[in-house]
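Protein chains: 2
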Amino acid sequence: MQLRENLYTRTGWEIEEQRFDAEQLVTNGSNYMVGNGYLGYRGTFPEWTRSEYVGCTVSDTYDSADGTWKELCTVPNGLYLQATIGGRRLSVFEGSLEAYRRSLDFRYGVHSRTLRWIAPEESDAVCAEVSDRRFASYDNLHLLVARYEVQSAHPIQIRLGIDGEVWSLNGEHFSSYSARAHQDCLVVETVTGEYGVSVVVAHACRLVGGPRPASEEVRLEERSAYRDLAFERSDQPLELEYYMSVYSSNDVADPAAAAAEAARAAMRSGYQELYQRHCAVWDQKWARSAVQIEGDATAETLLRYNTYHNLIATPAHTDHLPIGARGLSCQAYQGAAFWDQEIFNLPMFLFTDPTVARRILVYRHRTLDGARKKARDLGYRGAFYAWVSGDSGEEICPSYFFVDVLSGRKIRNHFNDWQIHISPDIAFTVWRYYAVTEDLQFMLEYGAEMVFEIARFLVSHAYFKRDKNRFEFIRLLGPDEYHENVDNNAFTNYMARHAIWVALRTWEMLEEQHPQRLEELVRAIGMNSDEVDEWRAMHKLIYIKPVDPQTGLIEQFDGFFQLEDILPGDLQQRLIDPGEYWGWPNGIAVPTQVAKQADVAQLFMLHPDAYDTATMRANYDYYEPRTQHGSSLSPSVYAVVAAWLGYSQKAYDFFIRSATVDLFNTNKAVSGGTFIGGIHTAACGVAWQIVVMGFADMRLVNDELRFSPRMPQHWQTVRFYVELRGAKLSVAITPNSLTLNSEASSQASVACAVFESRVQVAPGTTHTLRFDEPAGR
Amino acid sequence: MQLRENLYTRTGWEIEEQRFDAEQLVTNGSNYMVGNGYLGYRGTFPEWTRSEYVGCTVSDTYDSADGTWKELCTVPNGLYLQATIGGRRLSVFEGSLEAYRRSLDFRYGVHSRTLRWIAPEESDAVCAEVSDRRFASYDNLHLLVARYEVQSAHPIQIRLGIDGEVWSLNGEHFSSYSARAHQDCLVVETVTGEYGVSVVVAHACRLVGGPRPASEEVRLEERSAYRDLAFERSDQPLELEYYMSVYSSNDVADPAAAAAEAARAAMRSGYQELYQRHCAVWDQKWARSAVQIEGDATAETLLRYNTYHNLIATPAHTDHLPIGARGLSCQAYQGAAFWDQEIFNLPMFLFTDPTVARRILVYRHRTLDGARKKARDLGYRGAFYAWVSGDSGEEICPSYFFVDVLSGRKIRNHFNDWQIHISPDIAFTVWRYYAVTEDLQFMLEYGAEMVFEIARFLVSHAYFKRDKNRFEFIRLLGPDEYHENVDNNAFTNYMARHAIWVALRTWEMLEEQHPQRLEELVRAIGMNSDEVDEWRAMHKLIYIKPVDPQTGLIEQFDGFFQLEDILPGDLQQRLIDPGEYWGWPNGIAVPTQVAKQADVAQLFMLHPDAYDTATMRANYDYYEPRTQHGSSLSPSVYAVVAAWLGYSQKAYDFFIRSATVDLFNTNKAVSGGTFIGGIHTAACGVAWQIVVMGFADMRLVNDELRFSPRMPQHWQTVRFYVELRGAKLSVAITPNSLTLNSEASSQASVACAVFESRVQVAPGTTHTLRFDEPAGR
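Protein chains in written order, with the numbering used here: chain A, 1 to 777; chain B, 1 to 777.
Bear in mind the hints are in silico, worked out from the structure with no lab data behind them.
Watch out, some of these pointers could steer you wrong.
Treat identical chains as interchangeable: a pair holds within one or across any two.
Said to hold, decoys possible - Derived DSS-like pairs (lysine-lysine); straight-line CA-CA distance at most 27 Å:
#1 Lys285 to Lys465
#2 Lys540 to Lys668
#3 Lys468 to Lys540
#4 Lys373 to Lys468
#5 Lys465 to Lys668
#6 Lys285 to Lys410
#7 Lys468 to Lys668
#8 Lys668 to Lys650
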C-alpha cells in the first residue's frame, strides 16, 4: 500500500522506500531510526559518516560544548561498515542502484536495506548485492545488533568498526578520545568536556557465512578503531554480524569494561538469539499499546508508526531521565523534556503501562531541586520547572537562540522565564496519574511534595488586583508561542487554579489520612499553614477568563480580541524572508490574532468537562482558522476537540496531519536559524490520545471510565487496550457498539459507561453495549 | 564673541551666522525661529518655500492627515517675498553672497538678514543689497511683522504675499484652499481635513521708502495669493513693510474677518509702532526670566537663548493649550505636551511667572476627560494622562512609528500605554505648584480633581504581591526609554507613591477646610471613602526600590543589574545601521545596562531631599557612565545632580551640553525613520533650572526658600529673579555671598536660608548672607 510518493507499507507494520532520495538525509535519518529509550540510532547506512548525519544519541550524556546548548552526545559509530567491491567503495551516491529497498519494521524496530549496486563504469562492470539490517536491543539497552550480507563476483574488502566522525549539532562534546583494540573487540573511550563523563563504545563482529578473510588488520586512529578484512573472489555471499555497545560512567562504574563485555557477550550469542530476546520485549509493548483500526489501514499504520516512536523515545527503564522533545532521534531540543512530556507523551502510558507514566513523573520529582533553583534565581519560591529539562532539572533553555534572519541579530526569547504553565501542567499530570492509578504511595513519596512546591511557585508568581479582587498572572507565554508577554492567558490561569486545587486536595488528603507524612513533609520543605490559607484564597480568586455570553468566546489573553484580525495565509504574505520567526518580539504574528498553535483549545483538551459543547464549538470555530499550526503540538489538539464536537472530517484530517508531521516532513527543520528537525515525539505520543481520548472519547469521571465514541465513518472496528487500577481491558468499538473485555488476570472490576449505558466490568467478563450513532455531543 | 564655527554673539542677546550654510536648513530654521506661544515662524528667508522647510506652525490646529500623526498645521506663508533683480530671481543658493549676516535677536525676538547678492554671471553683473527682518508680535499674537529693504542699480520686481507651498511633515492637512484679494490685503482661507477648522492667513503690505511701483498686479493661485510689484531703476533703496495675520475658527467665530482686519490694522500702525508695543511685552518677560552671569558670557548667552525658546514655545496666553515638545518650531512631536512640560518647562515659570505655570496646569485639568478616556480604553480607572497630549488630552501617540531600519518593518512602541509615570508626574507638579504658590483656589477648582483621578488610576494599575505584602507596578517604561516592559522602575514607583501621598494630603486638606467642596467633588466624580482607605494602604505598601546597603545603589528596575554591563561607546559598535533605534523591542541597548537617559538620577532631581548625598553620589557614579544621553532630557538632569554633588566640572559640562542641544545640533533629526528634529523645548526650559535649582540649589523646604550655591568657579556674580507667594526677590550670588532683595511691591515676606544662615526677607529689604565656599554637600 502506498502512503505517499516513495513511501509504502506492506503489512501495516513497516514503512518502506523504494527509491533512494539524497535530499532526505536529515528527515529519513530520523524517520527510519531505531532505538530503545536508552539510545537512538539514526536511519543511516552502514558506510555513512558525519556528512550523512550519522548519529547514535545516548541518553544521560548532557554536555555543553559551545557554552549555549547543553545537549546529549552522539557517540562514535560502532556500526560503521564500508564495503569495497573490486576496489570501488560502495556508495549509494555513486554508480547506480537496482532493486533498492529500505525499510523500518516498527513491529520489532528493525532497519534494513537491500540493493544491487553497480559501480560507476570505468572499465569492467563492478556490481554487488547488499543486504543489511540492524536493531537497538530492548533486551540489553546498551546494545545495537547488525548484520551485513554482500555478494559480488569481485574481490571484497570490508572496513568495519567504530567511526568517530559522527554528526554533532552544536560542537565537539568530547575532550578526549582513546581508541584501543582488544583481541576480540574494538573500543573507543571518550570523555565529555563539561562534566567529564566517560562514554565508551565497543564493537565486535563475527563472520557467519562466506569465505574466510585473506587478510585482517586493525587500524586505530585518534577517534576511530577499524578492522580491515580482505576477501578473495567467492561465489558465496559474505555474511557478517557486528555489535555495538555503549556505556557511560553515568550507567556503571567501569563503562569500558562493561562495553567490551557487552560486545563480546553479544558476539557469543549471535544475531538470531539476540533478536529473539529483543522481540519478546516488543511483543509485550505492543500487547499494551497497539491499536487496531479495521477499515483504515493507513490510519492504523500511521498510528503504529507514531506509537513506535513514542515508545523508543521514552526512557522506560529508569525514573531519572526525561522524554526528549525529539526523543533520541538527534540532538535537537537538547534531549530534554518540555511540557510535551506530560501532556502529549505520558497519557498513552498512563492508560497502557502506568509504571512508565510513574517513572516519568518520578523524574520530575528528582528534578525538583532544579525547579526550586530556577524559581529562586528568578525571584520566586517553590518549584518553577525548567522549560527545557535535562538531567538535573535546572533550566537549560538558552535565553538567546532564535536569530532575526533579517538582521542576523539574536533574539531574546522568554520560553525559559515566562512560559510558566509548565509547572501547573506537571501538577495536573501528577493528579491525573493519581486519579487514574490511585497510587497513593506515589503521592506520599513524590506527588505531594511536587504539587506543594508548584502551588508555592504560583503563589509567588501571582499578583493580586485589589480593585478587582482577583489574582492575575502577568507577563506570560501561553501555549501559543507567538504571543509572549501576555496577561491572564486563559489556559495558564485555568491550569494554575487547577494546580492550586490539586495542592489543596492533596493537603487535605494527607491531613486526614497521613498526618504524619504531612508533618514530615511540611518540616522538610519548611511550610506553614498560612500558606494553605493562601491557596484557599487563590483558588477562589484566580481570574478565570470568562465565556462571553454573547459570542461564547473565551479570550485567549487580555486584549487578544483587540489585535488585528487576519488569517494566517494572508499574514504570511508579510514575510520578508521565509525563515523569519513569526513570534516575539517583532515577528509578523505578534500584533495579530494569528496563533502558532492551539491555546484555548488546549484548555478544552485537558479539561473536557469544564465547558459545555456550545462554548467549545464557538471557540473552535473562532480560533482554528486563526491558528497557523506552526507547532507540531497543534493539529492533535484540534483533532481531539473536533472529534468531540462531531466535526468528523476535520478531526480525521487533523489526526492524519498530526500523525504525518514527520513521515510527510511537513514541519520546517530550521526556524530563526536554529535546527529544530528530528522526530516530533509529542505528535507521536498524542496519536494514541487522538484515537482513544478523542474519537472514542474515553475519560475517567468520578471513578467511572466513560466512552462516547464518534469514530470516523469508515472505521469498522477499533480495538485497544486500557489498564485502569489493576483492570486490564480490551476495548472494541464498532459504529454502534462497544465491547469491554476484562482479562481474567485483572485485579479489580471497573465501572464503565458508554454514553448513558453503565456497566460494572469484572475480571474475566465481557460486555457489549450498543448505542445509536450520536447526533452530536 | 564666537560661540562655535559660524556662530557668534555680540551683546549676548543674539546669535549670528556670518556664512550661509545650505546644509543646515532644517536645524537653523528651528534655531533662528521667532514666535510668541500662539505661532512659531521658522528661521527661513523671505524668498523660500516648501523645499527650504518654510513653516509657520499655528497652535490649536490639530489635524491628522495620514491617519497616524495628529499634528499642528503649518499655514500658508503670508511673509513670502521674492525679489527679482535685473530679471534674476534673488536666491542665496545661486550667485554669490557678500557681507552676509543672519541673526536672531532673542532680546526682542527679531530675525534679520543682510547680504549683498551678486547674481550668477551671464552678461552684465547684477547685484543687490538686501536687508530684511521680522518678528512675531507679542502684542498681537496673531501677527507677524516684516520689513524688507533692497537696493540695486537694476530694475527690481517684487512678488510678495501668501505662498501656500509650505513644509508639512505628515501629509496635507487642508481639505480646501481659497485665495482672495481685497483692495488692501490678500487672504487665503483653508479648512482642516479632520475637524473642519477654518484657518485663515491674511497679508498686507506697504511701501515706506523708494520709488513707487511702475506696475502692480495681484495673482491668485489655488492656495496662494501674491502681489507683483515692478520698479524701475532707482538710486533709492526700496523699503517695504508687510504683515501676516493668522486666525482660526478655534480662536474667533469669523477668522477671515479677523485676519483681514488684523492685517489692515497692522498696516495702519506700521512696523515701528508694532515693534515698540511688542518690545514692551518682551521687557516684562525678561524682567522675570533673565539670568545674569558675570564672568561667563558664553553661559549667559546660552542660557538666554534657551530661555527665549522656552518662552516662545509656551502658550502663556491661554489655559487650554500645551507646550509642545518641539514647541512651535515645526510639527515634530505633534505640537503636543509630554512629561517634559511639567518637569522641564514649567519650573522656570513656577518661580518667575506663576500665572503661566497655573495656566499650563489648568490645561491638564481641561484634558482630564481625555485622560479618563485613555484609562478606560486600557482597562483602568481614573486619569491616565496621554503620553502625547494635544488639544483634547486623548492619547495621540501612535502605537507604531519607529521603523526597524534593518527590515523596514514598523515597531510597536509602548510609550502610549506603558509609560505611566506621566500621571504621577502631573500630580507631583500640581503639588509643587501648590506648595510654591499656596494657590488654594487652584487646588479646589482643578488640582484636587486631578490628583484624585490620578490616584484612582494608580490604584487600578497597581498589583499587590500578597507574598511580599507590597504593591508593585508592572510592565513599565520609565524615563529610560530603551528599556520597556520593566517592573518596579525606581522612579515610577517613587513618583506613584508620592502621587498617592498628594491625593491623601489634598483629601485631608479639603476634608478639614473645605468639606463642602470635597463633598461636591466626590459626588461629581463618584468617589467613595473606601477609595481613600486604599490610598492609605497603598501609600504604606508601594514597593520603593531599596538602597543597597553595601553599594549604595538603587536598582533602576527589577533585574537591571543582571543585564549585560557594557558602556555606551562599546555598545555602539554593535550597530548594523547608524539609524537603528537602540531600544525596545530588539535594539542593542535592550539586553544591557545602557540607559537612554537619566532615570534614577531623575528621581533625585525631583526629590532632592529623599536620599542622602552618599547615595546620590554612588548612583551618579554608577549610572552616568552607563547613560548614552540619547535623549535631550538627559544631560540637564545629570548637570543638576552633579552640581549638588560638587562635581563642578561635570555639572558645568552637562549644563553646556544641555544648553547647546539645538544650537550645536548635537541630537539626530531622525530616529528609526521618524523625524524628531526641531527645538528641544525641554532642554531650553531646564536651562534655568540647572542654574537656579542646580548650581544655586534653591529649593523650598517647609516654607523656607533654601539656597546652597555651588557655582562654577569662574562665575563671579549670578543674578536672577524669583517670585514666591507674592514676594518678588532679586537674588545675587557671588562665590561667598548671597544677596536677597525683596521689591517694595512684594506682598509678603519670605523665610530664606543660605546654607545654615537664616533670614526673613521683608518687602523692600535687602540682605546679604556670607558663606565659605562649601567643601561638599
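These are the hints, each one checked on the structure:
For the identical chains of this complex, Lys285 and Lys465 are neighbours neither inside a copy (51 Å) nor across copies (49 Å), given an alpha-carbon limit of 27 Å. Taking the shortest alpha-carbon separations for Lys540 and Lys668, neither the intra-copy value of 43 Å nor the inter-copy value of 54 Å comes in at or below 27 Å. For a Cα distance limit of 27 Å, the shortest separation of Lys468 from Lys540 qualifies both inside one copy, at 13 Å, and across copies, at 20 Å. In the homo-oligomer, the alpha carbons of Lys373 and Lys468 lie at most 27 Å apart only across protomers (19 Å), although the nearest pairing inside one protomer, at 32 Å, exceeds that limit.
Taking the shortest Cα distances, Lys465 and Lys668 never come within 27 Å of each other, neither inside one copy (42 Å) nor across copies (42 Å). With identical chains, the CA atoms of Lys285 and Lys410 are never at most 27 Å apart, being 44 Å at best within one copy and 54 Å at best between copies. For the identical chains of this complex, Lys468 and Lys668 are neighbours neither inside a copy (44 Å) nor across copies (45 Å), given an alpha-carbon limit of 27 Å. Taking the shortest alpha-carbon separations for Lys668 and Lys650, only the intra-copy value of 23 Å comes in at or below 27 Å, while the best inter-copy value is 56 Å.
The earlier numbered hints that this structure contradicts are 1, 2, 5, 6 and 7.
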